[in-house]
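Based on these hints, arrange chain H on the given structure of chain R.
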Amino acid sequence: MATRKERLTFTFKRFRGFLKQFGRNRLGTLGVFIVVFFVCLAIMAPLLTSYDPIRPSVGMDEYPALTGGRKIAESLCVPAWYKSIPWIPKGRFSIEERFYSILEVYYGKEWQIFGREGQVNATDTSLRLTQRVASIANITATAPDSTARTLDPTEWEQTPSRLNEIVVKDFFPNGTTYAVEYFTGTDITENMELASDPTFASEAALNAWTNQTNRPDIVAVQYNSEKGYVTKLSKESGCIEISFDPHGATIENVEVTLSVPFQYPYYQPPKSFLVHYAAMFEASSPGATLTILFSKETQTGPEEYILVRKELLPSNIYDLVPTTSTQKEVIDNVGVNPATNKIFAAPGQYAFSIRISFQNLNQTAKVYLDNLNSVLYGNAFGLLGTDNAEPYPRDLFSSLVYGARVSLFIGIVSALLSTAIGLFLGLASGYIGGIFDEGIMRFADLLLVLPTLPLFIVLIMALRQFGAVSMWNIIIIITFFGWMSFARSVRSMVLSLRERSFIEAARAAGAGKLHIISRHILPNVFSLVYVTLATAVPGAIVLEASLSFLGLGDPRIASWGKTLFDFESSGIAVTKGLTDYWFWMFPACICIAFLAAAFILIGYSLDEILNPKLRERV
Amino acid sequence: MGLKKYIVKRVIYMIVLIWAIITVNFLIFSMLPGNPLERYVASLRRIDEIRYNELKAHFGLDKPLHEQYIVSLRNMLTFNFGISFNSGTQVSETIFSRKMPNTLLLLGLESILSIIVGMLLGVLVAYKRGGILDTGTVTFSLTMYSVPIFFIGWLVIFFFAVNLGWFPAGGTVPLEWGRYPPTNFLQIIIGRLSYIALPTLTLFLFSFGGWVLLTRACVLETITEDYVVTARAKGLKERTVLYKHVLKNASLPLITNVALSFAFVVSGATITETLFSYDGIGLLTFSAIMNNDLPVLYALFYVLALCVVAANFIADLLYGVIDPRIRYG
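Which chain is which? The protein sequence lines are R and H, in order.
Taking numbering that gives the first Met the number 0, the leading residue of the first sequence gets 0, the next gets one more, and so forth.
Taking numbering that gives the first Met the number 0, the leading residue of the second sequence gets 0, the next gets one more, and so forth.
Please keep in mind that the hints were generated in silico from the structure rather than gathered at the bench.
Everything numeric in this text was worked out from a predicted model, so none of it was measured.
Treat the hints with care, since some could be wrong.
Facing chain R, from chain H, some residues (calculated, C-beta under 8 Å) [said to hold, decoys possible]:
id: 1; residue: Val161
id: 2; residue: Ala304
id: 3; residue: Val308
A short, non-exhaustive set of chain H residues, derived as facing chain R with CB atoms under 7 Å [what the hints assert, rightly or not]:
id: 4; residue: Ala19
id: 5; residue: Pro147
id: 6; residue: Ile288
In this text, a Cβ means the ideal position worked out from N, Cα and C, and glycines have one as well.
Same shape as in the complex, but just chain R (with noise of 0.2 Å):
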């Protein structure tokens, strides 16, 4: 009898000797490489990406009017690298387009009818460029008789509540035709954070903030270190408080602005604007109007654009409000200077104000500001850009961080349970043979035949009916009908082995079924064990997406069949192209296809070292 230490040396002598022949096959090991290296994505995602996978958000208790949060970018956002890809359109483009008139009579009055060039129909009555204007038209107008001339700019002007319109004011020959040159900018934008509470109330901030106001010895700007808006995050943080003091007159209009300058870099406009407050107005009568807004310096005079405008009223408790809103909507809304239209057209310098006017009042009243926050979300964010989850898109990145965990473990625990079930079973019915062989046999072969699929959709569809899906079940679901074929094949191998002379040899010397099963078939059977894991992962791991794919997985974790369940409903593929949207579905599916080709590998090399049948071909 060899001792222990013996033993030991002779496991791990053939160990090494097995770990050596591994490393010298290159398919494997590059499996096990790959494994690792989703192993790693799989325990590290808390490290490698701070937002959640299903439902993220930003600063739950910055946003004290946003329960939740804010949304961490725009839906259907592209990667933030797009920024440093050449041949991704970037910076002002010049673009020329040309359209055709006929004047028609309509009601007695004449109308010009503009049309795209090759088209058959005029229908718009204005030039409708494909392309917002950045900057200047150059309008020239060929007549019938072929003479060309350009435009004043008092002959025509941009729609107001429109970026791409252009309305000629003057009447031309029918048959005009109007070549439209102008600029435009496209650009990959990213998520610009102006103001954020933390760094709004407090005195080092005021000093960043310039105040402008027309009336200084009546209103005065200052920090307040007790009255601020109590947060989960700061139980008293300070706010900045604006006085007014008529003296007892009663004053027309005083106007304060707290501004804070800032670049913004791109030439395309932010997708969205994110604009955030708390205000409480201290006075015994209405009269104060808060307003923000973004400007910016022209040679003409500031050009203004409110994002929110709002009465304050008298009250004792801050007033919260959170608006978002689109770049035509803020257009829309702003009623001053509407001829121009070009909010962030172009690169520049702009500036966020919050501007406070007081109206009619003849008494002291004071306003206290806080929590301000403001975001410009743009149109690229992330490694692998956004979804369009709404109203939280989610980071595809963390998405397919978090879905390695789902994958790997659903893969690796379902293939465990299946081979052990099928090992027990395989051996059992095996060994005892008999009635109990047959029972069992029979129920493997009727689940052999029913179609995977179908049976999983129809029962977790049943077990949807009382929201019983989880992945637990579909862990559960996947082992039960996974353990079939490999109990199969352990069977037979227990048959054939059942009938060896060293079996015989060992019932002989008095040992029992436990010991035999255990001592001298498990340690032959065992081989088949690894090949089996290795191949019964991937299986997994595939049905698992493919059931999520489907629709079928747990809504409430983020698995990569979910992912691409998300992308098929969206219908981006049918409407937009896999092109555009290529992030949103090819790294899920890259890595589904990597983890079970890797898996496979590793089972393919273990059967060519392991299985001797193989080994004697070589």
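Frame of chain R; chain H shown alone:
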């Protein structure tokens, strides 16, 4: 054991299987804790009283459980699947006259293609074992085997429908056929083929790797047998040895696999049809999932399982005819 006895045995086995399938279906829908079917039907009451009553009567939900089981057996055997709650149509009519022919066409085309190509390639690769072609094909097959089918489908759409524009990306028949039904036979064939091409290609890429690997393994098993050496020693041409002596004997396990692969392909077809919005059983399954249409799913699983059982039965019969060991063994 004679062939007749073998067939009788298989028929009995098939009947038992069908019974078992109906029972499994019943177990899932009516015996699972929480009773999904009853819960589902009860949830319809507020929406549509008439259909609620109709479905309740159809499944015999007011009767005790053992009678429900009898009702279910009778319904299934007579293909009386009741109505779909969402569309209000007869489920059996939807499945058999509208969806089934499309799916069978797709699966038939795909199976023929992948079996022929897979087997030929498998034999070739096994014969030149260890060469570049062998390694390449095995790697490709393993890759295809592990790539999920929706990925293959999207790539196929991307290359052949979007980039090259050779085939339409989705649908079953040209849209204009709804208004102007085609009269020309050739036109029908071309129209249908152009729409079925990409789903078939997807399923083909998905399943032919399995065929290559299996054929390769079977051929490798027989190529070292003594009678192959004898055949070569007789001076037979290498091709004759390969296709007459090796493939013929190696094809026995392949035939059983035709049946088993049918179940595999049915799973793939569900996803492929969803991807290409090809109007067959798979798309019906997907829309039933989306609309939570339990009666349709109840019927679908049964019908698909029946198809698989039938395929198994046919394979068994073929096996009995081809393999002399079964007749005289």
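Going through the hints against the structure:
{"no.": "1", "hint": "Val161", "in the structure": "holds, 6 Å"}
{"no.": "2", "hint": "Ala304", "in the structure": "holds, 6 Å"}
{"no.": "3", "hint": "Val308", "in the structure": "holds, 6 Å"}
{"no.": "4", "hint": "Ala19", "in the structure": "holds, 5 Å"}
{"no.": "5", "hint": "Pro147", "in the structure": "holds, 5 Å"}
{"no.": "6", "hint": "Ile288", "in the structure": "holds, 6 Å"}
Violated hints for the displayed structure: none, as all numbered hints are satisfied.
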